[in-house]
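Novice: Sequence:
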Amino acid sequence: MVSLRQLLPLPIAAAAVLSGGAGLAADPYVPFPSEESLKELQLITISCARDNSAASCSRSRELADPLMDHPRLPASCKDLLWSILEKAKPAASNSYQRREALSDPAQRLLLVCRSLELAKPEANQPQAPDNQKKSGFGFGGS
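Positions 471 to 612 (the numbering used here) are the ones given, in order, by the sequence shown.
Check each hint, because a few of them may be wrong.
[Stated by the list, open to error] Result set (BS3-like, lysine-lysine): computed pairs, CA atoms no more than 30 Å apart in a straight line:
{"hint": "1", "residue 1": "559", "residue 2": "548"}
{"hint": "2", "residue 1": "559", "residue 2": "509"}
{"hint": "3", "residue 1": "509", "residue 2": "548"}
Simulated from the structure, these hints should not be mistaken for lab results.
Could you build the full structure based on these sequences and the hints that come with them?
Specialist: Okay, structure coming up:
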């Protein structure tokens, strides 16, 4: 097997490694898609599955396409988006298999594509009082 060092002189190989690493640190923060945008895609895809109309299927593909290039979405989410892109087309016969092939990924979309970042608790949220007297399993009562 031929290594990179054998193919390129040392200064050129070092420059290639250093320039590739510098681009990784400079990437800006990209937030997850909002839950509202995912919900809109979910509802329009279910509408495409149910109605089999060109308008709803086209809108579903328009909403799913930019999400395929989103850098923070996991591969499992992109698999669902790909499935929606492939199947969100009006068909001559709106069979049960076609409807399920669209509605199943649409229903799983919010679960799979959601952000796994923990929400930051707000400082002004009221806290539960710390009861000094605790008995049993804490089901209340005195």
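Novice: Hint by hint, note whether the structure agrees.
Specialist: Status of the hints after comparison with the structure:
1. 559 to 548: Distance of about 18 Å is within 30 Å: holds.
2. 559 to 509: Given that 30 Å is the threshold and the Cα spacing comes to 20 Å, the pair holds.
3. 509 to 548: Given that 30 Å is the threshold and the Cα spacing comes to 16 Å, the pair holds.
Hint compliance for this structure: every hint is met.
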